Structure formats: structure tokens, C-alpha cells
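Residue numbers (our numbering), protein chains in the order written: chain V, 9 to 484; chain G, 1009 to 1448.
In short, the hints are calculated from the structure, not lab data.
Bear in mind that the values here come from a model prediction, so they are computed numbers and not experimental data.
Each hint should be verified, as a subset may be incorrect.
Which bits of chain V does chain G cover? Going by a derived footprint, with three or more residues having C-beta under 8 Å, they are [unchecked claim]:
no., stretch
1, 92-98
2, 268-282
3, 308-314
EDC-like mimics (lysine to aspartate or glutamate), calculated; alpha carbons at most 20 Å apart, straight line [stated by the list, open to error]:
no., chain 1, residue 1, chain 2, residue 2
4, V, Lys278, G, Asp1121
5, V, Lys278, G, Glu1174
6, G, Lys1080, V, Asp113
7, V, Lys242, V, Asp265
8, V, Lys122, G, Asp1175
9, V, Lys71, V, Asp257
10, V, Lys369, V, Asp265
11, V, Lys278, G, Glu1218
12, V, Lys255, V, Asp265
13, V, Lys314, G, Asp1175
14, V, Lys315, G, Glu1174
15, V, Lys242, V, Glu479
16, V, Lys149, G, Asp1121
17, V, Lys242, V, Asp458
18, V, Lys255, V, Asp358
Ideal Cβ positions, reconstructed from N, Cα and C, are used throughout, including at glycine.
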Amino acid sequence: MKRGVLLVGLGAAVALTVVLAAFVGAVRPQGAAASSHREAPLIADDPAADNTDVYAFVSPDNKDTVTIIANYIPFEDPAGGPNYYRFDPTARYELHVDNNGDARDDVTYQFRFKTSVGNPNTFLYNTGPVASPGDPNLNVKQTYSVTRITSGGSSTLVSGAPVLPANIGPRSNPSYVTAQGVADLGGGRKAFAGPRDDPFFVDLGSIFDLLGLRGFNPAHLIPLAGAAGEDGVKNYNTHTIAIQVPKTDLLAAPAADGIIGVYASASRQKIRILRGDGSSDSEGPWVQVSRLGNPLINEVVIPVGKKDYWNASSPRNDAQFLNYYRSPELASLVNLLYPVLPDTPTDARDDLVAVLLTGVKLPDGTPFTFTGDRKADLLRLNTAVPPTASPNPLGVLAGDLQGFPNGRRLVDDVTDIEIRAVACGYGSALQGLLGLCNLSPNNVVGDSVDANENAFLSTFPYVATPNRGYEHTGHE
Amino acid sequence: MRRKTILFVGGATAVALALGGLVGGVLTESRGSTSPTTAPVALADRALTGAAASIGASATSALEARVRAEPKDAEALTELGFAYQLRWRETADASYLPRSEAALTRAVRYGTDDANAVLGLGSLALIRHEFRDALTYGRRAQRLLPGSYRPYGVVGDALVELGRYEDAFAAFDRMISLRPSLASYARVAYARELVGDRPGAVAAMRLALESASGQPEPTAWAHVELAKLELALGHAQAARRHTTAALRAFPGYPSARVELAQVEAAAGSLPAAIRAARLATEATPTAQAVTLLGDLLDRSGRRDEARRQRDTVAVIDRLLAASGVRVDLESAVYRADNLIRPVETVALARRARADRPSIYGDDAVGWALARGGRCEEAIPWLERALRLGTQDGLLYFHRGYAAGCAGRRVEMRTWYARALAANPAFSVRWAPVARAHVSG
């Protein structure tokens, strides 16, 4: 969400968000009396409930399981002490799975957090080296619970599981052991919650500058010399929640494989002004404040005036946003800003509707990621496609059927994939397989940032160890 | 650099700087009394504040450059309009407000009703206490942003100040239904405070604090609000903890410094309170900070110094008025406090109430009347000010004062006792008066 208006050429709005965020607190010069108008914040920047990315894939090292990862809190500065970022105990974090195409939750994993402060009289995050999440030197500790909710009821899979601490530096964290943050849920099931290196990679700096793609700078309406891409998320951390469970935990029995639709969300609880009815603040309804299925939808597809509404709405009702998918503003911008490229169609984009809202069928009618006619922005994963030994970051566009938009792996270069899709450069593989448009050279454009700066782990939770504050010497 | 700034922003800044000097002029002794152990902390404080303030400054100049290059870029103009409001909050330099208005007005024109620009104008109207205008802008933003929580903050805040509490609370309820967040939890907290549910206000503000997720300024803001609520409830230790936490989250945060002075005063340490209030006025000479310092000096018998602070308040209020900020209500209460031209003050309070028919508008009229000796006439206004059940010690005190000046001493003492029970530190200036009557 915070990634704001990525790609839309409206980088401005991101800066606006920053200004508004700063605007929130601030001094309140006022008149003489205490009765002055109270200038409370108007806009709430809410990083702890800001869902930035979702990933879902068949686990490469455990083919019978699926891994779902959701990230919250964008652009965490690793050196941001002493109040290091953390999950919000008053928010509710959820991973939602639909397994029958109606875009209603069939299985939900709900993460809740608790914070405990050892000594409230110090502002120190830790008072000595921290060897583990339970270390007495760690002054601010978090634990979490995971509850699995189905139509049959809910069950708590784990509670009191430790959240990994911040990765501060060689004195505070002589070692940083990711495995200490992996909770065993039994039967090969696992959960994780904690800070990580943000696995997203994208050239934000150039894309915000009128949809610039440094590698293709000479082709832009305002040409510049070509250059290598710069990863704008490099060296930033995020907070990850993740599960790894048998496929059958997610699918409708008795299927061994199938196509699931996944999204993640964060919610906060409504409270009432008048409590005279004896109601307590813990009784209000939960309100979704951010959601994410396919990457970059809120940024690329949904117009500025609808973003708040989109974030609060359910994917089940996404047909109301259909026109933004069929006639994407981004397509017009690509045509305008890259006059040398062949024009991409700017309306009747049923290809995008299929990829993002319903899933795709093969020419013989077999569903590849298709889950039915119900339009919903979900990340669709066909669990029958086995993990690839050497994944191609361009995923399905490169003929690697295990990659985005069949689910999403950490390595998938979703920025390039989506730019090419919008520019009608699906590549020869998809042109051959599905008859999708394949303009050239639109099928090779991209932001020239093709991989994350840190290697991913080979085992759950896969997301790389958080960047350490000590090494953090500013962002380029 | 400084010279350039003064030239650029014109007269008001120069006056603000002069004011800074004026306020700082009485500071020498408190500087001398800073203990060696606190000095490095204060230095670090200063350095960090400078760093934080420069973020707003550099963002503003970058945006000004953008607007110079593209004078019709509605988005850049909107951002610049908000950036000027941020600078006003950082510096208390009211000359930023007309410039914010100019940028936002152009943004609306070139952006053909850009929703964020309209919200910006609404926010500016709130800052200037133009609550009817704010309501109009808020309603317009609602039409432009269907389903968004954002405009409800402007609409609800305006309705509160217009005394339309039922509508205001409905707007806040809608806002929190759309988006529970720092912004909406804070408004529920204020509404609860208005209806007299102060523990509920604390609970809601705690949720606001959690939702700030450690971001420096919002965190500091919520801590200061909690400090005020806790101090009113007589929980001085909790108030001090929140004030300290606010200054830790945002070193040098001006309203936290003012609150620290309030906490020290409530704890009975006048020298510490004066020191804290001086630091606050030195950092940002707001009317609030300078008034508090004046009251504290007055209470310690330093009437000449107190008078200088009060002269400064008058200058600040004139500066604000020159930049389009209406401070009639605040001025009326202030003038009534200090018995400045009572007849004119009543007229001023009536005008203020016409603009702001809230419980505090009623209170201002009642207080001006009572201080002008029109005691019986004051009482219905002061009764009206209590109609929501707000547990505000100052409202109770004003009510009691009117009873006293009407010759009903027992009734007066009952109200004074109620004021002190509601908030033992309700006013640096008037709480000791109430206490003297109650115990005497």
C-alpha cells in the first residue's frame, strides 16, 4: 500500500504520503487558552497494518506443502533504533485461502501478537547481547499465536511462539538464528513471524520519475542515457508472517491438488464513542485496513480516489473495479511515455482481467490458474505444478509454469512481468500457449532490477535474514 | 542562509524570530542553572530537533523548485500546500498559511477539484479556525472520495467546533467504521472526553498510540495527549512517563515540552516548571507555551516578568490574526483571565461564539460576562457549557466563579471543589485560587 503509486507515474503521491505522515504529529501552535481547536491527525499512516506483498508457492524443499508469506511495514530502516519496528498487538493479521472459486475464505490463518517490556524504565531495546528471542537481555519481546479458521470452527495451532528480535549489530546479536523464529505446528506444519530483509526488488527511483526504466532511458519521451537499474528496496527490512502446511490443509477434501486463491490482510477493531451500553472496546467489529493478493494492484490499477475504499473492500466484490483492469491507466501512460514502442491496447484488456481476476484457462479449457467466473483479486496457485529446480524470475512468461502469475515465488520479477503484460509483450511462450499478444520489443522491457540484493534461504521461511543496523550506512 | 529565509518569507518570520529573541532574552538565568549532567542530553535534543525540522524545510524547497518548473502541476501544488502547513506546525510561523492557501487554491483549479487539494483546504480552514469553511471543504471531499475515511476527520472536527455534537460524533463513528486508525481512535478519544468518559478516552488514545507503530511524530503526539488525560485524572506519574516517552520518540517535541512544564507544576515544583516552560518557549514561542510561562512566573511572584510574557502573547495573537487565524475565542478567554477591557471582551466573546457555538464558545461568553461583573447573566452560558457532561476543571471553575461573584459563596465552593476533584491541576493560574477558597 505504502508503495503508493508505483508505476503510475504519480510518484508525487508518495511524497504526499510522506508529507502527510510528517503532518500527523507536529506542533500545534494555538491560541492562548486550552480550549483551542484540537488538531488531531487527519490522515493515518499505518505501517504496522500496511500489507506490502504476498507470496504463495509449492515449497521447493517439501513438495507436499505450500508456503504462504505476507509482509507488513514497508521501508524499515535497519538502524531505526531504539524503537525498532514491531507487529501491532492491537491489529489482526490474516492469510486467506479460497479453495472453491467463490472468493470466500475457506481457510484463514490468523496471527495475533503480544508485546512484553521487561523494564519499562529504560528506553533500551536490549541491555546486553541477545542470543535468542527469550534472552533476558532482550527488553522488548513479542510472541504470537496462529489460529486456523474454517467453516468447521477455529483451532489455535500455536500460542506464545517467539518473534525474532531486531537484527541490531555484532554486539547485540553476536549470532542471528532464523530457526529460533520457526514454530513447529506439528505434522510438518510450520509458522514464522519476525523481521526480514524485504524480498521485493524494484527500481522505485526511476519508475517514480515518469515511469522511467533506466535500461530503456533512450526510448523514453524525455530521453536520458541508458543506465543499470537501482533496487529502491535494497537494504530495507520488513516484517514477515509465514506458514508452511500440507497442500491438503488448504484444499477441499479429498483433493490432493487444486487451484487456491490467496490474499493477506490487516484489520483493526472499531470502538464506540458512547460506552453507556456497557460495551467494552474489545467487542467492536474488525475492519480490514489493508489487503493484498496480486502484486502492485493498489498501485498500478486502482485510482487514487478509490484506494482507501479498495483496501477496505473484500476481493469477493472486485467486479466493481473491473473497468480499472480492462482499461488500465498504465497502458495509456506506456504509450504516451514510450512513443517508440508499438502501442499497447488501452481498453478491452480481457487478458489482464483473466490473469488477475479469474485465473487463466489453457486453450483446451483445462484450468491453469482459473478458479471460475467470480472476479476477485487473488493470488492463484495451481498446487499440481511441481517446483522447478532452477526457477526463472520471469515465471510463466519464460515458460516456467511454477512462477508468477501461478502463485508468486520470492525470486519472481513481478515488476517486469506486469510491465510486459500491460505493454502486451507476453513473450513467445505465452503467445504460443495461450495466444496472448506479444509485441516486440515490448516483450523485453523492464526496470533492469532482476533479483533481490540478498540471497534467499533454502528452507522455510526462505525470506533472507534482516539487514543489520550496524552495517546500515544509508541508502543510495 | 537565514537572511535568505527572512527575505523570502517576509515580515512575519522576521517578527517570529524577533519574538524568539524576546522570549529567549529572559533566559540567561535558566541557562546558567542547567546542571552539567543534563547539558549533553539537551545538546543531543537540539541536534536531533534540528535534523527533524530540516526534513520539512528541505521537502518544502524541493517542492517549491518543482512548482517553479511546472507551475500548473496540481499534485506538486497540493503537496506544497500540505508542506507549508507542516512548516507552520514545525515553526509556528503563520506566514506559511497564506502560502499554503495559494498553493492549494491553484491545485484545485489546475487539478479540477483534486480531492487531496480540497482536503488540504479543509485542513487549512481548521488550522485557521474557519470551521464553517472547513465543513464545506470536508463535504466536498466526501463527494470526491466516496468510501474514504479521510474527509470525515475534517467534517467531524468542524462539527465539534460548531457545537453540532450529535452530527460530529456520527461523523467520527463513520470514520472509525471505515478505518480504525490513529486518526479515528484519537477522535473517539476526544469525543469520549467531551461526554465525560475520561477512562474511555485514555483507552481509545492508547489504541491510537499503538497504531502509531513507533513513527516518531505520531507516537510523540499520542503520548502528549495521554499525558494530558492522565494529568487531568490526577495520575501525575503516568503523565510524566508519557511526556518523557514523547520526548524520547521525538526529541525536543514542543507540545511535550509544554506538557512537561504542566507536569512539573502539578508536582508542585515551580522552578522545574518554569525551567521546562522556558525551554518550550525558547524552542517554539507558541501562545500556549508563553501563556503557561507567564502564569508560572506570576505564581512565583515575578509579576514584571509575567507581564512581559503576556505582552508577547498579544503580539503572537496579532500575528496569527494577520495570517488569517481566528483566535477570538482564545483571546476572549485570555483577556477575561487578565481583566483586559471587560466590555470589549464580552463583545469579542460573543463574536467568537457566533463563529464557534461549541461548549467552549458558551464558556467564553459566560467567563467574559462573569469577569466583567455581569454574574447572573453569565450563569446560563456557563451552564450551557456543561451540557455534554464534560469533566473539565476549568469549566467547573468558571461556573463556580460566577456563583461567587453573584454572592453565592457556598455554591461557589461546591463548584471549586468539583473542579479540583475533576482535575487537581486544571489550571496553573486558577487551581490555586480554587484550592484557597475550598480549604479556606
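>> Check the structure against each numbered hint from earlier and tell me which ones fail, lowest number first.
In response: Per hint list: 4, 6, 7, 8, 13, 14, 16, 18 violated.
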